[in-house]
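Chemist: Heads up: the sequence lines are chains A and B, in that order.
Heads up, the first sequence is in numbering that gives the first Met the number 0, so the first residue is 0 and it goes up one at a time.
Heads up, the second sequence is in numbering that gives the first Met the number 0, so the first residue is 0 and it goes up one at a time.
Hints listed in this document are in silico derivations from the structure and should not be mistaken for laboratory results.
Errors might be hidden in some of the hints.
Keeping only pairs whose Cα atoms sit at most 27 Å apart, straight-line, the calculated DSS-like set for lysine-lysine is [stated by the list, open to error]: (1) B:Lys23 to A:Lys136; (2) B:Lys23 to A:Lys47; (3) A:Lys158 to A:Lys32.
Beyond 12 Å from chain A on every Cβ pair, some chain B residues (computed) [as the list claims (entries may be wrong)]: (4) Gly5; (5) His31; (6) Ser52; (7) Lys60.
Ideal placement from N, C-alpha and C gives every residue a C-beta, glycine not left out.
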Amino acid sequence: METVTGATTTGAVPPTQTTTVKEPAADPDSKIKTFHIDRWSPDEPSTKPRIQIYTLDPNRTGPMMLDALIRIKNEVDPTLTFRRSCREGICGSCAMNIDGAVSQPTPRQKARSNPLPHTYVVKDIVPDLTQFYKQYKSIKPYLQRSTPAPDGKEYRQSKEERKKLDGLYECILCACCSTSCPSYWWNSDEYLGPAVLMQSYRWLADSRDEHKEERKAQLDNSMSLYRCHTILNCSRTCPKGLNPGYAIAEIKKAMAF
Amino acid sequence: MARLSGLQRAVLALYRQCLRESRKKPENVQAHFKAFARREFEKSIGLDKKDFSAIEYLMRKGQRQLEIYASPGIKDIR
């Protein structure tokens, strides 16, 4: 296990990786945070994954875990790899496992960072989401109609019908819910997972869509939908505050009639 | 050669799949695809046969690459 600290006094850090910011020496009152981050490189697939420890002074870093990761990458270890885009919790690129809780790295003072649970890892904390995207594609997440629009222009919808989509369309497909679901851990090849099922419900509930029966028929087997046992880790962990568990319950109701 | 283990058979099956997909490409570029597959497999030929995680990782990577290159739009590889 390697320890890379922000301070340059140890001499164990090679000159190319020394930090330009002088961190204060270990002071019992200072709140230097240590970060234990999972590391693994596909360039040497035979090496074992390991946890690397970094220390940072949180007073000089932004409040979010992502700020800390960016600072570590800029100053201490440029080889650290992670996905990120909006840095404000809206795009879902940086979704990861922090201190055991799956979420996006938004304001929290936590210190352990691991990839999304039960996913294959591309490098360090970057998960491989190709399975997830394939499942999303399989539910046909687009409007399907057999008849043209009644007035030839738009597919109209009342305010009440549009309201039914609130809480469903905001999903950013960050995969936090699916990767926090134990049922998805054990059956990810056949169970669709809460994120994909919620989107499936988003299209079922859309009054403009005309292929409800086909969509329901696609879910009518023992694995795609019914591996959900209402564990509800998904609703708990959603970084946007959505409720996939509720959406899945609505699908089950719709399937029952 | 002693009996092949399940993992060895899986690796060989992947290689055979790569060759089968190469045969579906136009005649003049088939050799390119076959050479590419051979090179990719030869890169990790020195791996210890007991290093399961590395082997499985490379197999997953190979499978993903195969899915991309097998699509009919890909006409040549250099």
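Chemist: Grab the minimum beta-carbon distance between B:Gly5 and chain A and tell me whether it stays above 12 Å.
Modeler: Nearest chain A Cβ is 19 Å from B:Gly5, so the label holds.
Chemist: Measure nothing beyond the straight line between the CA atoms of A:Lys158 and A:Lys32; if it is 27 Å or shorter, mark the hint as holding.
Modeler: Violated: A:Lys158 and A:Lys32 sit about 49 Å apart, past 27 Å.
Chemist: With a cut-off of 27 Å on the C-alpha distance, tell me whether B:Lys23 and A:Lys136 pass.
Modeler: holds, 26 Å
Chemist: Holds or violated: B:Lys23 and A:Lys47, Cα atoms, limit 27 Å.
Modeler: Measuring from Cα to Cα gives roughly 38 Å; hence the hint is violated.
Chemist: Beyond 12 Å from chain A, beta-carbon-wise, is B:Ser52?
Modeler: Label violated. Min Cβ-Cβ 7 Å, cutoff 12 Å.
Chemist: For B:Lys60, is the shortest beta carbon distance to chain A beyond 12 Å?
Modeler: violated, 8 Å
Chemist: Please verify that the nearest CB of chain A lies beyond 12 Å from B:His31's CB.
Modeler: holds, 25 Å
Comparing the model with each earlier hint shows violations of hints 2, 3, 6 and 7; every other hint is respected.
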